[in-house]
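S.K.: Protein chains in written order, with my numbering: chain A, 1 to 118; chain B, 1 to 112.
Think of the hints as simulated: they come from the structure by calculation, not from any bench. Treat the hints with caution; some may be incorrect.
Claimed, not checked - Cβ-Cβ distance ranges computed for the label pairs, FRET-style: (1) B/L13 to A/Q29: 37 to 47 Å; (2) A/G61 to B/T5: 29 to 39 Å; (3) B/D55 to A/S54: 31 to 41 Å.
As the list claims (entries may be wrong) - To spell it out: a stretch of chain A is covered by chain B in this simulated footprint if at least three of its residues, at any positions, have a beta carbon under 8 Å from a beta carbon of chain B; those stretches are: (4) 11-22; (5) 80-93.
This one's a predicted model, so the numbers in the text were calculated from it and none came from an experiment. From the three backbone atoms N, C-alpha and C, an ideal C-beta is built for every residue, glycine too.
Here is what each chain is made of, one letter per residue.
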Amino acid sequence: GAVVSQHPSRVICKSGTSVKIECRSLDFQATTMFWYRQFPKQSLMLMATSNEGSKATYEQGVEKDKFLINHASLTLSTLTVTSAHPEDSSFYICSARDRAGVPGNTIYFGEGSWLTVV
Amino acid sequence: GNSVTQMEGPVTLSEEAFLTINCTYTATGYPSLFWYVQYPGEGLQLLLKATKADDKGSNKGFEATYRKETTSFHLEKGSVQVSDSAVYFCALMTGTASKLTFGTGTRLQVTL
Numbered sequence: 001g002a003v004v005s006q007h008p009s010r011v012i013c014k015s016g017t018s019v020k021i022e023c024r025s026l027d028f029q030a031t032t033m034f035w036y037r038q039f040p041k042q043s044l045m046l047m048a049t050s051n052e053g054s055k056a057t058y059e060q061g062v063e064k065d066k067f068l069i070n071h072a073s074l075t076l077s078t079l080t081v082t083s084a085h086p087e088d089s090s091f092y093i094c095s096a097r098d099r100a101g102v103p104g105n106t107i108y109f110g111e112g113s114w115l116t117v118v
Numbered sequence: 001g002n003s004v005t006q007m008e009g010p011v012t013l014s015e016e017a018f019l020t021i022n023c024t025y026t027a028t029g030y031p032s033l034f035w036y037v038q039y040p041g042e043g044l045q046l047l048l049k050a051t052k053a054d055d056k057g058s059n060k061g062f063e064a065t066y067r068k069e070t071t072s073f074h075l076e077k078g079s080v081q082v083s084d085s086a087v088y089f090c091a092l093m094t095g096t097a098s099k100l101t102f103g104t105g106t107r108l109q110v111t112l
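For reference, chain B alone in the conformation it holds in the complex (with noise of 0.2 Å):
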């Protein structure tokens, strides 16, 4: 079956650190991969995403790269900042029934 694999949190990082949450999975076929962020008191919003190998997403900063030969798609940010303070989620998804299997989320503290 499907299952993502991310770091466990909390990551607590300085404003303007670099940033790496790594995300390994498993899966049948051949998935697309997501990152969702969660910010406090909201719900899940789509970060970025990468429907095949190689591909490269990226969003407000972040990138993550779909690494076939790893099965990872860890993401990163050069700087981040306070308001980057989230849950963020790995998931991915296989076939077209739109069912997407998450990681437990990794909580990112960013302080000044």
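So here's chain A without its partners, still in its complex pose (with noise of 0.2 Å):
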């Protein structure tokens, strides 16, 4: 089946550095991928769509310029969390949607990101 590539899949940072954690899709082309966050016993929560070629889009509450998102490909989506803080620790997962496909039957999911500030 199809496959979204998350890398990295753990990373520790100090407080006030940035770091990028990338999404691939491995054999289909997305045009939207989707960044979500989880927090201990809670919902994933989106955090922004991401489409390719343009601006991604956030959700309400979310920073734009702390949680920086390009889509410079079909296959490849990034987030870079910008300047990170204790409280961005967190489990980041991304999700891509099969171009070829219908909304709700193609998404994928990669394998998540856990991300630690110390």
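Put the two chains together into one complex, using the hints given.
M.R.: Structure follows, in structure tokens:
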């Protein structure tokens, strides 16, 4: 089946630094990718929708200058957490929509990335 | 706005036991409903879905019926296996934007 690869799976960074998380669709083209965040014992919360070749659409309450999203190609979206702080520590997971499919049927998720800011 | 409420876990069952994980939702319009499963160390995988009232989604022995009158989409399996141990997420989608609203996830642990 279709695969979405996320890297790194775990990352520890110092407070004040920036960290980049990659999301790749390995065997399909994804015009749309989604970035979610999950706090312990809480839902996956949609942060932003990433569209290839255009600016990301952020959900209400998500700081676009802090969570930079780039979707430069049909197979790659990146999330950069800038000037990270301990409260940014969380589980980040991406999903990608196969542009050849219909909504709901063809959304594939990555393995997720654990970010710890110390 | 949209929201999904599912039972808190963890749920611990013996192999071959009957499983129910409750899920209720609030949505504008007519949502599609999904169950996703996340096995340890892996991404979320679509387990089953239903797109309209009274539809029953099924896969790998799991079933869930879209109940509009009770706004529910409970997940059931008649006989669980150790390999079913995972986190299960109920989710909904409205419109065509492919945005999913998730529940908190329910961890299932099946023991021998």
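S.K.: Does each hint hold? Answer for all of them.
M.R.: Quick rundown of the hints versus the structure:
no., hint, verdict
1, B/L13 to A/Q29: 37 to 47 Å, "holds, 40 Å"
2, A/G61 to B/T5: 29 to 39 Å, "violated, 21 Å"
3, B/D55 to A/S54: 31 to 41 Å, "holds, 34 Å"
4, 11-22, "violated (count 0)"
5, 80-93, "violated (count 1)"
In this structure, the earlier hints numbered 2, 4, 5 are contradicted, and the remaining ones agree with it.
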